[in-house]
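J.: Listed below, chain by chain, are the residues.
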Amino acid sequence: MAEITLVEAVNLALARALQDDPNVIVFGEDVGANGGVFRATEGLQARFGHERVMDTPLAETVLAGMAIGMAAQGMRPVVEMQFMGFIYSAIDQIINHAGRLRNRTRGRITVPMVMRAPFGGGIHAPEHHSESTEAMFAHMPGIRVVIPTSPARAYGLMLAAIRDPDPVIFLEPKRIYRMVKQEVIDDGEALPLDVCFQLRDGSDVTLVTWGAMVHETLQAADRLAEQGISAEVIDVATIKPLDMDTILASVAKTGRCVIVHEAARTCSVGAEIAANLAEHGLMNLFAPVMRVSGYDTIMPMFRMEYDYLPSVERILSAVHKTLEAS
Amino acid sequence: MAEITLVEAVNLALARALQDDPNVIVFGEDVGANGGVFRATEGLQARFGHERVMDTPLAETVLAGMAIGMAAQGMRPVVEMQFMGFIYSAIDQIINHAGRLRNRTRGRITVPMVMRAPFGGGIHAPEHHSESTEAMFAHMPGIRVVIPTSPARAYGLMLAAIRDPDPVIFLEPKRIYRMVKQEVIDDGEALPLDVCFQLRDGSDVTLVTWGAMVHETLQAADRLAEQGISAEVIDVATIKPLDMDTILASVAKTGRCVIVHEAARTCSVGAEIAANLAEHGLMNLFAPVMRVSGYDTIMPMFRMEYDYLPSVERILSAVHKTLEAS
Amino acid sequence: MSDDPKHGIHHVASFDIHHSQVLNEHSELVAPLPYFTHEAGALLDLYKWMVRTRTFDAKAVALQRTGKMGTYSPCLGQEAIGVAIGHAMKREDVLLPTYREQGAQLMRSVAMHEIFLYWGGDERGMSYRDQRQDFPIAVPIASQVPHACGVAYAMKLRKEPRVAVVTLGDGATSKGDFYEGLNMAGIWNLPVVFVVTNNHWAISLGRDQQTAAQTLAQKGIAAGVPGEQVDGNDVIACRARIGKAIEKARSGGGPTLIEPLTYRMSDHTTADDATRYRSKEEVEHYKSLDPILRLRRYLEANKMWSEADEAQLKADASAEVDAAVEIYLGTERQAPESMFDHLYETLPRAYHWQREEVKNAGGKDHG
Amino acid sequence: MSDDPKHGIHHVASFDIHHSQVLNEHSELVAPLPYFTHEAGALLDLYKWMVRTRTFDAKAVALQRTGKMGTYSPCLGQEAIGVAIGHAMKREDVLLPTYREQGAQLMRSVAMHEIFLYWGGDERGMSYRDQRQDFPIAVPIASQVPHACGVAYAMKLRKEPRVAVVTLGDGATSKGDFYEGLNMAGIWNLPVVFVVTNNHWAISLGRDQQTAAQTLAQKGIAAGVPGEQVDGNDVIACRARIGKAIEKARSGGGPTLIEPLTYRMSDHTTADDATRYRSKEEVEHYKSLDPILRLRRYLEANKMWSEADEAQLKADASAEVDAAVEIYLGTERQAPESMFDHLYETLPRAYHWQREEVKNAGGKDHG
Ligand SMILES: Cc1ncc(C[n+]2csc(CCOP(=O)(O)OP(=O)(O)O)c2C)c(N)n1
Ligand SMILES: Cc1ncc(C[n+]2csc(CCOP(=O)(O)OP(=O)(O)O)c2C)c(N)n1
Ligand SMILES: [Mg+2]
Ligand SMILES: [Mg+2]
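Protein chains in written order, with numbering that gives the first Met the number 0: chain G, 0 to 325; chain S, 0 to 325; chain R, 0 to 366; chain L, 0 to 366.
Since the hints were made in silico from the structure, they are not lab data. Every residue, glycine too, gets a C-beta built ideally from N, C-alpha and C. Check the hints yourself; a few may be wrong.
What the hints assert, rightly or not - Quick partial rundown of chain S residues pointing at chain G, CB under 8 Å, derived from the structure:
| hint | residue |
| --- | --- |
| 1 | Thr132 |
| 2 | Arg177 |
| 3 | Leu198 |
| 4 | Arg199 |
| 5 | Thr265 |
| 6 | Val268 |
| 7 | Ala270 |
| 8 | Glu278 |
Claimed, not checked - Quick list of in silico lysine-lysine cross-link-like pairs, DSS-like style, CA-CA up to 30 Å:
| hint | chain 1 | residue 1 | chain 2 | residue 2 |
| --- | --- | --- | --- | --- |
| 9 | L | Lys5 | R | Lys247 |
| 10 | L | Lys302 | L | Lys313 |
| 11 | L | Lys5 | R | Lys286 |
| 12 | R | Lys313 | R | Lys286 |
| 13 | R | Lys5 | S | Lys320 |
| 14 | R | Lys67 | R | Lys286 |
| 15 | G | Lys320 | L | Lys358 |
| 16 | R | Lys5 | L | Lys243 |
| 17 | L | Lys313 | L | Lys89 |
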């Protein structure tokens, strides 16, 4: 078993799903001969044919809507949005239809679709190619929002997303598409879609994160360890539904929480986690819940993008503040 | 000076702005002869002509985009989205352009537009006509989100929104469009766009709310008063930027906070407020921060909509919980 | 611009739009009866379904007016189109309707009381006990068009001889969703028929303010999809042209756009007051084109229909509608916690407490 | 379907699409020189700007390749269209460009170093010191079309004799924004010209997979907007037709859609590898249609241009580009807190602490 990257794991899971289930189809802009602009769909069209792996015109509204129509007919469409910056034309279809059809029809029509999109900054991409707006989707009822952060989790969560009977927004942190390699066994095993993954065990502070920020957060945990501070690291992974049980249990143990994310701060998933702590975990908190996040400003173009993205220092400084607070 | 309703106050402010500034124009679906489906634009076309008050085809993307183009040319467009349920096709234009053009061009092109939309439930409207998704907009950088809750505030905030040099999403709680009448003086005075309004003074608990829920929240405060509990009531009014100073000061005084809103819970504006309390107000809190909110489910059709909307009882029960907690 | 080789100008492409009619406003045949009428009783079927639809529609308005139902969108005057669609489709096809396709929906086994429930604010009005595949109406205008392309793609991929029929209004043609879907259908030669009902109004916006295009049928040209007009108050022509388009799609011939020309005789919905924006004269004019009257006169002139038949039909239709009203009014509210029961296949743990809270909430005091 | 009154079928409307050319691929005039060429030096101007654009474009690619700039989208082979637009527009008009309109942008006083800054990841590349009204490129494809309608509406309302010119690609024509904008322009007869550059590719999607429509020009028919094709590698025809459309719009004649036919000679961007999805033969074929070579041969044949002129022009252009590179590379980073300085006219109090935090953040350790 060779070691593979996160984007290769996405590809592996897609191939597996296409292989296992004739209802699975993959489509989007440039996913065919080009293999997707990040090569996530490389080789799939050659292997599974033009009817099951289709290049489409540039039209995100109809891409989303077609996925809904296909899913309503019992297919398992996996539609790619080329970048999260272009997903907004699909929002009407997601919030008004994908997330609602089961409920509207009392279970008669269901929408087992997956919408994939690479997201996040840090790869020196052009304007509009680096945003993180997962919170907008987390606010919508009736859907799931999933973010993998390792090759193994990308594989297992993607399979779970495709097999899930409800719509899943699957956001891929493109900065770490090729950052690490890991052995991934193509055994068709899915991972659960509603639990956090605990990446580090710790006792002094809980670091909660998701997406590419796992990278900085783990580094911060290493540095804290050097300083004798034991940080628990949680990868939320399924942003919606949110597994607060795991986070609350961790904070009950550590008494401190720092949430780290790339997205703009206001009404972010970080806000939701902190709000839950203020409601259900308050009495366990020794210190303010800190959020180290993207700012409430436009994601800068790439010359300044690393001034925007939370750094290891910003995480460390927040942790130290929570340690001083009590 | 006659007493007028909230929707009449919107109309009065629009007329005033059209009168005062030739750059102001009003457009949208059915805003002309029909006066808007809620009559917010009643009489404006007759008074200001078809070129400044225009009926448009049914096409929310281009409506939003045209407003941006007009604003870039120095006009002050006020575009109506007929219901919030149909605003989603405009999101791409708002997040990718309206909120960004000033920043992208380092101030060269600005977007002084207003997008109005009635929102919220409780009027026995058809499907898709009752949602509250203000949090999605509050997450977007570069814009303002404003929600009036009285005729006077509707008038003053609308004028402020139109005069503001940046894009404003102006959400009108339609359940209270005609609920109360109030004397409004047509003096052209705008209200500030970045402060909360304190509706009641209190010392035992802070109730924070916005939109139509102001109605239930004030009633809850009355009932609490009968029980000898003094509740401070804050109408957030400008959801973005969020005036946390006022809220934090109130909670510093009361030590307890209950946030009341119609919108779905996850990643709501309520989450943002609670998160700020967990970060900046923690040491003042005697009790968990409670959110009484819409549920994380599809807004039900009207036979069950009042099971979804926070009720006075739900607010009271939350307040009592915070009082018992400490 | 015209062909002018001396000035370097060459003609590249030509397009034509046609309109068809079979039974004109005077109930005269202006064309031979189309093939489908060879089936015994076909015309009578169309007639009966139109009357049934109108009876249903009138009752729905009455229910709203008497406070027993919410806002409702009548299909008065447009019955020919819905019934033509319902008659032309096969059971296994899929309809993606607007809120004025009651005729088609009833013919496709949506129960009358389900439609009442829907406008009565109850989700069960979309559960369609006897119709498992058709979509419920899409309230966000034109957003159903992309779904139709997806449904049709699935049919095509699986090589099933089935067709998706999507209906929309003149107003819907201004929305990007419509055009994006049309374009997709063209590229993939999908088995989908677009019925664009031009009833001349989109709430208060008249057809001529909706687009500068001379016809709505020509919008197909933008996507390489053939388009045509048909007299939308002539149920025979509607049934013939829509049927032809459906069978063409079924046999791999690809999509068609059909623009039936008709008129919204009612207010936009029961919440609307059309006198604010259109003239009585206009409405009166269109009354004379009524699709039901038109066919009835033809049937009577050809001894296919009598006063007695009419009386019987009306009585039957009323009885049927009244029975549905009874079911509707007798339907208990759903349990409040049901708002969580169809959110996901299995409600995630994260929301269990919310379901419990709704379930246990006593009153709903909103002052 | 054809006219057939006996079967109740009547013809309603006809539409034609034409293509124009002035200088063919062999550099022969196939039409009289258009009016604009009567202005002395007009042809030379077009030529010089095309060469200047290509010189700039090649340098931008080189900067990216050597790690001095980010991803860039070349306009190689499409220079005629941009230059025709730039030449036809008046200063007071407004351009809403794509990322391949460098020719037009340079002619409209966008500085070369600004374009470098943009692709170098610096917002100041959109501040256009000498061009205050034109839009920066819209990265979300087709989303600029609605803006153009708004700009044009403002011009019309104020009775200013100005025109908005919006450019887009073949890929953009599949997006609803394009169609919605086109429809608006038709209804309100707006002073806007849509230049739809058909370069046969949208990243890896070929023109024929983009739409089943025979031409892109015919998409105008859907909105009642006249559409036409023009040889996009013939700068003279482009300038003539685009100029004509602009002046028509200026004088109240309403919108036009122009489809210049050309070819994307380069990869989609410097991050793309077009050999994955298209053949060498195809690229080679289009090389022979090069717009710059085509005009040069004509100018030389007519003694309007010499080897020496060419050498001088190239030297001048290179010097100009090199000077811009120097400014670009010498431009200091913006202060990090500047990310808050153009967020609102006045930064709301709520965000002051964030600005302070960025300002005071020392390192940016990301491992
Ligand atoms: C996207 C969207 N925008 C606005 C509305 C509000 N609305 C409901 S019906 C309607 C007019 C529709 O006109 P048309 O498509 O001609 O259908 P008709 O009502 O005539 O059958 C409008 C604007 C909506 N439902 N969806
Ligand atoms: C809405 C949107 N979807 C996807 C993309 C990614 N993307 C960038 S360019 C492009 C192709 C554009 O093709 P075309 O309009 O023909 O312009 P060209 O590149 O040929 O000049 C795509 C899909 C985008 N920028 N915006
Ligand atoms: Mg209509
Ligand atoms: Mg192209």
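J.: Hints first: check each against the structure and report whether it holds.
T.: Hint-by-hint comparison with the structure:
For Thr132(S), the suggested interface contact is upheld, since its CB lies about 7 Å from the closest CB of chain G, less than 8 Å. The closest approach between the C-beta of Arg177(S) and any C-beta of chain G is roughly 27 Å, which is over the 8 Å cut-off, so the hint fails. Taken as an interface hint, Leu198(S) does not check out: its beta carbon lies about 23 Å from the nearest beta carbon of chain G, beyond 8 Å. Annotation: interface hint on Arg199(S) violated; nearest CB of chain G at approximately 23 Å, more than 8 Å.
For Thr265(S), the interface hint holds, since its Cβ comes within 8 Å of a Cβ in chain G; the closest pair sits about 5 Å apart. Because the closest C-beta pair between Val268(S) and chain G is about 6 Å apart, less than 8 Å, the hint holds. A cut of 8 Å between beta carbons decides the hint on Ala270(S): the least distance to chain G is about 4 Å, and the hint holds. Hint status for Glu278(S) relative to chain G: holds, with the closest Cβ pair at about 5 Å, below 8 Å.
For the proposed pair Lys5(L) and Lys247(R), the alpha carbon gap of about 23 Å is at most 30 Å, so the pair holds. Between Lys302(L) and Lys313(L) the CA atoms are separated by roughly 19 Å; this keeps the pair inside 30 Å, and the hint holds. The straight-line distance between the Cα atoms of Lys5(L) and Lys286(R) is roughly 27 Å, inside the 30 Å bound, and the hint therefore holds. The hinted pair formed by Lys313(R) and Lys286(R) meets the criterion: a straight-line CA distance of about 20 Å does not exceed 30 Å.
In summary, the hint linking Lys5(R) to Lys320(S) is not supported, as the alpha carbons are separated by about 87 Å, beyond the 30 Å threshold. At roughly 28 Å between alpha-carbon atoms, Lys67(R) and Lys286(R) fall within 30 Å of each other, so this suggested pair holds. For the hint linking Lys320(G) to Lys358(L), the alpha-carbon distance of about 19 Å falls within 30 Å, and the restraint holds. Note on Lys5(R) and Lys243(L): the hinted pairing holds, with a Cα-Cα distance of about 18 Å set against a maximum of 30 Å.
For the proposed pair Lys313(L) and Lys89(L), the alpha carbon gap of about 27 Å is at most 30 Å, so the pair holds.
Comparing the model with each numbered hint stated earlier shows that hints 2, 3, 4 and 13 do not hold.
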